[in-house]
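Let chain A serve as the given structure and place chain B on it in line with the hints.
Protein chains in written order, with the numbering used here: chain A, 1 to 326; chain B, 327 to 878.
If you're looking for bench data, these hints aren't it; they were derived computationally from the structure.
Remember, predicted model here, so these are calculated numbers, not experimental data.
For glycine and all other residues, C-beta sits at the position ideal for the given N, C-alpha and C.
Check the hints yourself; a few may be wrong.
[Stated by the list, open to error] Which chain A residues stay away from chain B? Per the calculated CB distances, all over 12 Å, these: (1) Gly259; (2) Phe309; (3) Ile316; (4) Gly321.
[To be verified] Simulated restraints on C-beta separations: (5) Val108(A) with Asp514(B): 38 to 44 Å; (6) Asp862(B) with Ile316(A): 50 to 56 Å; (7) Lys873(B) with Thr104(A): 52 to 58 Å; (8) Ser813(B) with Ile165(A): 28 to 34 Å.
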Amino acid sequence: MQIGSKAAVKEVINPSVSISTKTKKSFFQRMMSQKALLAMSLPFLVWLVIFKYIPLWGWSIAFQDFKPARSLLDQEWIGLEHFKFLFSDDNFWRVLRNTIGMSTINLVLGFVTAIGLALLINEIRHIRFKKSVQTISYLPHFISWVVAASIVSYSLSLENGIVNIVLVNLGIIDEPILWLGKEKWFWVINGLTEVWKNVGWNTIIYLAAITMIDPEQYEAADIDGASRFQRIKHITLPSLQPTIIILLIMNLGYILESGFEAQYLLGNPMNLAYSENLDIYVLKYGMSMGNFSLATAAGIFKTVVSFIFLFTANHIAKRFGQPRLF
Amino acid sequence: MAKKFLSVLLMLILLIAVAGCEKDKETSGNADGSGDSKDKVTFTYFNAASPGKDGNTNETTIGKIFEDQTGVNFKTEYLVGDINTKIGTMIASGKYPDVLVPDIAIDKVLDAGAFIDLTELIEEHGPNIKKLYGPHWEQMKDKDGKINFLPFAAKQGFIKDPNITQGAFWIQRGILKEAGYPKIKTLDEYFALLEDYQKKHPEVNGASTIGFTALTYDWRFFALSNVPNHLAGYPNDGEVIVDMKTHKTDVYADNDITKRYLKELNELNSKGLFDKESFVANYDEYLAKLASGRVLGFFDYGWQVNQALDNLKAAGNDDLRYMPLPITFDGQKDQYIDPPAFINNRGIGITVSAKDPVRIIKYFDNMVKEENQKLMFWGIKDETYSVDDKGRFFQTEEQYAKTSDEDFRDKSGLNTFEYYWPMGDMLYSDGNAWVPGKQPEVAQVAYTDGDKAILEAYGVKVFSDLFADPDDRPWYPTWSAVVEQGSDAQIFGQRKTDLTKVYFPKLVLAKPGDFDKVWDEYIKEFNTLDVKALEDLMDKVVEDRIKAAAKK
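Looking at chain B on its own, in the form it has when it is part of the complex:
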């Protein structure tokens, strides 16, 4: 009897499971081919680039508006766990979500042929996409001329980010205050300030002060190895410097600028100013150290230290917060701010599993209209932002607080549509910034009294005013170039990283007298690597991009 009951139960469970699967299939795109209908339909969207809350776009205020316009809803799912495993499983099974954001695994997805060619779809159904992405059209094409995915941000014009999210030498504001807000530009001046201050204040809150620290953990090692390039007045082109005249690329890890910077750090170390734990601390320990207020200065990219900076801001002691400075070797023009670049190796694509690509492309086309983009990033007029009589967008303190609240952002869809969809960037045709974060009016609302005071002392409105405007570099950033998996260039990259990881600590921590000896050893090893593999590839990339930029 019990047996019989069990088997019936098993059957039932199986039936339910099968029915469940069937239902899933039905909801995903009831293709009627025309794509003209506004019938309600749900597609799946998988985002491997950032963590987030799974849900439906039509459950958010903005997503609901889009559904009313197009009838399309997206069931969103975000990455949990390891990206390569997840994408690898998708590729192995051949089953993809309708729309996929593969982030760093994009090469694998392209290799597997998982994205459909969008060229015709856009020509036929995407006039607005064509308009927005038009200036970058050539750069979007793959080697075989296909457009496999839409890169995220199609830049329109240029506006500087008011705050520094990219590289800078950071210094504690208390140091600047004590020195009477000097305008410093060179590395020597910067280190001199730190040294002076540490002598006067050997302790902070009972712990010893740390003159200068560096982030070296795991793949974040570039926060140390990129610095010479910035000090020489170049933007973050990854492993190479691109000559402005000849357009030849040069791996600078063995150049004099690298030697010079490491020698400076070596001297700093011999004076006891350099944080010895720099090379053993992990990312969390590094952030904790910054947030403790013991560190006087460091180099890093704003987006990497945000968490620590926010903690310091919340703690409220303005003297312990940091100020970003555009330091160069000899005071040459800095290039810390990214040139307007079109990142063409990250994006969103429609997969071969999608049943109704036409509806999807129409949804994308609808969402890249300027009024809908404003909806995606700014939210709803008079609720999350206001417009003054000159047509400038701004936020009141109340609106700023509201749009900073995670709960509100989730409900309204400001989080869902924050990035990772087809979108523009920089400036709308009416001159407002594409995203609120880049609008100076909004940045100023977020500034504390301390921020305002230090900005006034330096006679600027926003932090990025201290930094030089970027020069025109159509090839920027070379780090976004597709390096083929397992190629000589990629193997060189890995070997170079391994070698520099072993030698940079040795160079910095060596006795000053031994520095040149260790450097010669390093160069000897470096010369055994296949530098040309990467330089040749990069030369080609730069050349191609200059050509593509000239075509538009």
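Chain A on its own, in the form it takes in the complex:
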């Protein structure tokens, strides 16, 4: 008994000792024990360094009067000239306004519609109907923007556009409206186009999260007499919350990416003041003028803003005790 108990004590103590010694001496041991995992992640680390960190060197272009095919020593260094040009250009602030306006609309609309659709699809009982709704709703995601923009501009056209025909016949408007010519409507049109194209695709991640919810919770709620809406409100949505918050934080980092194709293809002289965004501006004043330095300066600006947004959002999530990115 005594011996046995001693042995038991030893057994109890030993693991804790071994653990503490392991963590102390053991960086290599732990590495060895996880070598398979490490080996698997190594290529991605290499990829990250090669494609994400090394190119950061290219930021130096923003501080030069860069001319292609010249060695670094022959480049002329001009300090913050390009940043000065950007920040003193009225057009720059206009396109910045448009960029933030459109991406905010896209963000809000994107989240609300995707979550809404995911909840609706989840409530469908008929499997075939459910699948076909899902498929149809994410099909537009695979159309190229060139085609999508043509569909949109045709739908909105003055004479044969379905939107005008429907609105006129419903008596909502008296005569057809030249939608793409109304500059202030452009953000809305762009937002709705974005929703139409991507809502199905965006729901996938929420649907996946919904399948992770323990069905017993629903059964219990059922027994307690919860209605469908109550189940959505008290079970589905709270379970989705971590996913939503993580996605929100990540998307806030992309606040200066309001897309390019949609604005470029749907933009025209009449809505230019509201359709032009940062990417188009960079294309016009940077790339197509061969002014790569200016394009890089704008890129740096975008990255800095993204960082600020990402960290702020993450910090707020942390303060409120919500799940967060890091």
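The following block gives chain B in isolation, referenced to the frame of chain A:
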């Protein structure tokens, strides 16, 4: 075992790949330095200016003849995708084809020093090039006196294009017919005709008629913003008007002529004659609209609307086809037809990667001989063209059909050598047009009965006879001036375009009572731009070109 097999296979593939690369290197110019030999050699040619079929020049009838004369064959490759990306990749890698046509990316290529100086090569090996390009010699020189590339068309004399490929106000032929073929010259007369006709015919084929439309899409916006300049009796000098006496340049986007034209359009709009979709339609939608026959009139450059005009021609209803007219504000002398100009910012050059520039320049020298130029553009005598007893070149209907057939053009090399090589333009020393398209005899073969009828009603032989001859403008066209990348002048150009794109639609679509208010707003914004940057540059360009022209 499987592993071993795989590794052997991999080795084999690598070996083949390496061998393939080696072989490529060998075929590209086996330089023996002398350049005198007629040994068969293949060089590479890249054309970034137009799409086309990749191939070898010696696979075409004409290219084969050139190979027999010089021993040189070109492996041709054409642009697929974005030109700036493609040229940018070449510059970044430092590897170029032997011969390069960089089109609009030429400034980048020159900046990168990718072309070799041709001056000595031509002096030594290019007597025919010297002869053809001689009149334009000074204009070909870069700032540092080097000749980096051969611009395409060295103009010899002058001949008007029989058809209108440049700017004009176009009007449906049915309108002219109904009005009894009036001779109209002013903008008011032109708009009055459209208005009158639209009242009588509110519908075409079940759709409402559109009085007047305009092309404003993307970079083609100049089809709207250039018009005031033409109406005032100047040729297409881009963003500026050049005074004939003082030779001072003036950006006219803020001038009275622009205000006057936009006001006319504004009135047109208030009468319901102006196509509201003009400012939102893209290029394809615009062309489709023209081809539908609903549009009564529009301003544009012939080369931009060709596709729609061809569709209408093929459809066969002559009344719906368009007639180009030289309309001006008050009937002053028009200058729609381009003055003979030497475009010196597009061309073909030999790159630093070329191993045997001497053979290449000799090939070019051989091809610019008049008899070879005739071969390039007219084809083979009695097969693709004939000569009458006075020595005039003409085409029978059969020959015309043959040379219009894309398949035949590909096989014979008429497509390969159509442009984008060293070449002349206008007139041969025997008085025939350099290219068949400019020979009146050929233009007439292509005319339909409808064409002939309307030409007869106006008492002319070809369409361009209605247009005035161009005055002498040695600086023309100022739009071909090299504007340095990222310079103040270039930034002004972009900002001006942005501003006009925002304000022109507002001005045209404003309530007539608000027009002056919006115009004042526009001018206020316009005055904040650095106009002088561009005008100073253009003044300099005009001055230099006048000097260069005087030297020859």
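Results for each hint:
1. Listed as outside the interface, Gly259(A) is consistent with that label: its C-beta sits roughly 18 Å from the nearest C-beta of chain B, beyond the 12 Å cut-off.
2. For Phe309(A), the shortest C-beta to C-beta distance to chain B comes to about 28 Å, beyond the 12 Å cut-off, and the non-interface label holds.
3. Interface exclusion of Ile316(A) from chain B stands, the closest Cβ pair being 38 Å apart, more than 12 Å.
4. Listed as outside the interface, Gly321(A) is consistent with that label: its C-beta sits roughly 48 Å from the nearest C-beta of chain B, beyond the 12 Å cut-off.
5. Between Val108(A) and Asp514(B) the beta carbons are some 53 Å apart, a value that contradicts the proposed interval 38 to 44 Å.
6. For Asp862(B) paired with Ile316(A), a C-beta distance near 53 Å keeps the hint of 50 to 56 Å intact.
7. Between Lys873(B) and Thr104(A) the beta carbons are some 57 Å apart, a value that agrees with the proposed interval 52 to 58 Å.
8. The hint said 28 to 34 Å for the Cβ distance between Ser813(B) and Ile165(A), and at roughly 49 Å that hint is violated.
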